[in-house]
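Participant: Sequence:
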Amino acid sequence: MKGENNAVIKLNEALQNAIKLLGIESTDEVFERPRNEGHGDRASSAAMKLAKTLRQKPLDIAKKISENLQCEYIEKVETAGAGFVNVFLNKKFYADVIEDALKQENNYGSVNLGNNKKVQVEFVSANPTGPLHIGHGRGAALGDSVARILEFTGWNVQREYYVNDSGLQIETLGRSTLARYFEILGQGNKFSFPENGYKGDYIYDIAKEIINLEGEKFLEMPENESVNYFKKYAAEKIMGEIKNDLERFRVKFDKFFSEGFLHENNLVMSAMNELKTNGFAYEQDGALWFKTEDTIGDDKDRVLIRANGVPTYFASDIAYHRNKFITRGFERVIDVWGADHHGYIARVKAAIKAMGKNPDDFDVLLIQLVNLIRDGKTVNMSTRAGEFVTLSEVLDEAGVDAARFFLLMRKSDSKIDFDMDLAKKQGNENPVYYVQYAHARVCGIMREYEKQGEKISDEKISENIFSEKEARELADMIAFFPDEIKSASSTLAPHVLTAYAASLAGAFHSFYNSGRIIDAPDSAGRVKISCAAGKVVAKCLELIGVNAPERM
RNA sequence: GCGCUUGUAGCUCAGUGGAUAGAGCGACGGCCUCCGGAGCCGUAGGUCAGGAGUUCGACUCUCCUCAAGCGCGCCA
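For the first sequence, position 196 (counting from the first letter as 1) is numbered 196 according to our numbering, and the numbering increases by one without interruption.
Since the hints were derived computationally from the structure, they do not count as laboratory data. Honestly, I wouldn't trust all of these hints.
Okay, derived cross-link-like pairs now, DSSO-like style, lysine-lysine, Cα gap no bigger than 30 Å in a straight line [to be verified]:
| hint | residue 1 | residue 2 |
| --- | --- | --- |
| 1 | LYS118 | LYS252 |
| 2 | LYS76 | LYS20 |
| 3 | LYS10 | LYS539 |
| 4 | LYS252 | LYS2 |
| 5 | LYS291 | LYS276 |
Restraint ranges, calculated between C-beta atoms of paired labels, are given here [claimed, not checked]:
| hint | residue 1 | residue 2 | range |
| --- | --- | --- | --- |
| 6 | ALA339 | GLU454 | 50 to 58 Å |
| 7 | ARG551 | ASN513 | 17 to 25 Å |
| 8 | SER258 | PRO194 | 18 to 26 Å |
| 9 | LYS415 | THR491 | 16 to 24 Å |
| 10 | THR491 | SER270 | 18 to 26 Å |
| 11 | LYS415 | ASP458 | 48 to 56 Å |
| 12 | GLY23 | ARG551 | 24 to 32 Å |
| 13 | GLU171 | ARG551 | 46 to 54 Å |
| 14 | LYS424 | GLU331 | 40 to 48 Å |
| 15 | LYS415 | GLU209 | 31 to 39 Å |
Even glycine gets a Cβ: it sits at the ideal position worked out from N, Cα and C.
My request is simple: use the sequences and hints to build the entire structure.
Facilitator: Written out as structure tokens, the structure is:
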């Protein structure tokens with residue numbers, strides 16, 4: 001398969017053929033990497049898994065498998081423990097791994113898992129009521145990286161931001177801004193600040209802008225007209241700032257989808273009618289209710305349209321997801337939500353089932369809180385109270401690369417301590433520099449190599465380089481890259497790649513320190529290995545949206 | 001009360017049924033005549049929250065208990 005390593009494929013096929021010779025029709029068994037050095041370079045536990053179906057002792061099966069194993073890369077086979085098959089690889093394997101990785105250039109690791117199917121990733125979707133903070137940054141980094149990884153693994157990806165531009169929150173935003181407008185003009189007693197209003201300083205800034213643009217005319221205007229103007233102005237202004245922050249954070253969207261669009265085109269009501277027609281909604285106490293199927297996990301029926309005729313947020317969300325799956329034909333939909341919305345998943349899945357789609361095609365990635373730490377202390381944040389550190393401030397301080405790397409280092413559903421002091425450090429205690437440095441170091445070597453009038457040759461790598469442990473381990477890391485990509489893509493988990501990149505960088509640094517690369521007996525081959533490592537590091541960084549600098 | 005998530009080294013966390021549980025930071029001790037020392041090598045550090053079960057085999061799956069966070073609204 002394109003993107004995989006040919007040498008690795010041959011090795012795994014040898015295992016599969018050996019298993020088939022036992023009378024098993026098909027198997028997807030592949031070699032694993034044993035933890036313990038004494039257990040060889042690759043191991044398989046297939047014999048133990050097959051013991052039941054074959055009704056033989058695991059160790060006997062293991063012996064048969066090892067006798068059947070035929071592969072040009074295998075130097076020695078042992079059976080061990082309860083029924084492990086341990087394989088020792090020859091040097092040709094590592095040489096071929098590097099040659100194949102280099103030959104595939106930018107496509108190395110680009111395994112096709114998606115078959116060009118349409119998938120939508122919806123993320124950030126922060127309400128335009130205030131600036132993005134570090135938590136939104138985590139969602140942005142995650143959604144964007146997942147989208148990059150899916151693209152790399154053969155999915156047809158669309159990135160979308162859902163703009164909650166109608167409803168109560170925007171009303172509150174407008175009223176908050178209008179209240180500040182009156183306040184600045186010394187008429188604070190004539191329009192009171194809403195109870196759950198937005199208290200951040202940015203609201204004052206927007207009010208001042210309106211004063212500069214429109215003067216004092218809203219002091220005399222009817223409240224409804226003023227609020228309409230203020231909410232529209234403030235929301236657009238804030239949305240503009242959000243877009244600027246996202247662009248700076250290297251996050252691009254294909255579409256900003258407006259909630260207002262759903263209402264203006266009557267799509268919410270038509271979705272509700274469809275549910276009613278199909279028996280998934282009923283009226284009671286003057287409201288319209290969604291009939292939850294208990295099989296999907298939600299425990300009670302939910303209101304769709306209130307007795308006063310106003311649809312709930314859930315109703316818009318049903319219409320929105322109907323639009324994704326049915327109107328726009330996405331075969332798979334991935335939403336990135338804050339973990340505090342987890343109770344909502346069952347409800348939306350139930351709705352997706354009710355519209356005749358498979359809820360398994362809908363994934364929600366939950367992101368836990370980001371705990372910002374400065375000077376060893378937690379910085380508390382609350383959007384409404386106006387106490388928060390904005391994403392933009394974090395980027396000013398730590399830079400885009402450190403911010404993205406840190407936000408993607410952990411799996412999304414565990415909370416992160418974002419240590420501002422560590423992120424700012426330019427040293428080996430900061431993992432992002434460690435990884436970037438490996439890349440810059442490779443580039444430095446390549447520059448030096450070319451300065452000496454040399455270049456990467458077609459000549460095969462001299463196999464005896466791989467009698468050195470550091471070279472073998474680096475080549476082995478490179479051999480596993482396609483597997484890491486598969487894992488990151490199928491579990492929608494960029495942190496797999498940050499962890500892998502750090503290990504790969506470590507393997508390269510060790511290789512570098514174990515002996516000279518240029519001006520060595522096998523320098524042509526050693527440069528090739530370095531070059532392959534540099535390219536894989538660069539690809540990892542690209543997939544998490546971090547720069548791979550040539551100089552630092 | 002019910003549900004979701006989390007609990008692994010001093011700290012922050014990896015580990016989607018395989019062998020003796022790993023990494024980074026922090027601590028301690030070494031390595032520059034040399035391609036980039038933003039680096040490398042080594043040492044110490046564990047009741048995988050606790051208990052039971054399934055399995056040839058459990059950090060991983062099931063159940064119970066404990067602890068933390070978050071949900072359970074005709075809010076968004």
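Participant: All hints, please: hold or fail.
Facilitator: These are the hints, each one checked on the structure:
Taken as a hint, the LYS118 and LYS252 pair is honoured in the structure, with Cα atoms around 18 Å apart against an allowance of 30 Å. In summary, the hint linking LYS76 to LYS20 is supported, as the alpha carbons are separated by about 21 Å, within the 30 Å threshold. Distance restraint check for LYS10 and LYS539: the Cα-Cα separation of roughly 24 Å lies within the 30 Å cut-off, and the hinted pair is therefore satisfied. Pair hint LYS252 plus LYS2 holds up; C-alpha atoms about 27 Å apart against a cutoff of 30 Å.
A threshold of 30 Å between alpha carbons decides the hint, and for LYS291 with LYS276 the separation of about 10 Å falls inside it, so the pair holds. Between ALA339 and GLU454 the Cβ separation comes to about 53 Å, which falls inside the hinted range of 50 to 58 Å. The beta-carbon spacing between ARG551 and ASN513, approximately 20 Å, falls within the hinted interval of 17 to 25 Å. Checked against the hint of 18 to 26 Å, the pair SER258 and PRO194 passes, with Cβ atoms roughly 23 Å apart.
For LYS415 and THR491, the Cβ-Cβ distance of about 19 Å falls inside the hinted range of 16 to 24 Å, so the restraint holds. The hinted window of 18 to 26 Å between THR491 and SER270 is violated, with their beta carbons roughly 36 Å apart. A hinted range of 48 to 56 Å for the beta carbons of LYS415 and ASP458 is consistent with their spacing of about 50 Å. Distance hint check for GLY23 and ARG551: the Cβ-Cβ separation is about 59 Å, which falls outside the suggested range of 24 to 32 Å.
Taking 46 to 54 Å as the suggested C-beta distance range, the pair GLU171 and ARG551 conforms, at roughly 52 Å. The hinted range of 40 to 48 Å is satisfied by LYS424 and GLU331, whose Cβ atoms lie roughly 43 Å apart. Roughly 36 Å separates the CB atoms of LYS415 and GLU209, a value that falls within the hinted 31 to 39 Å.
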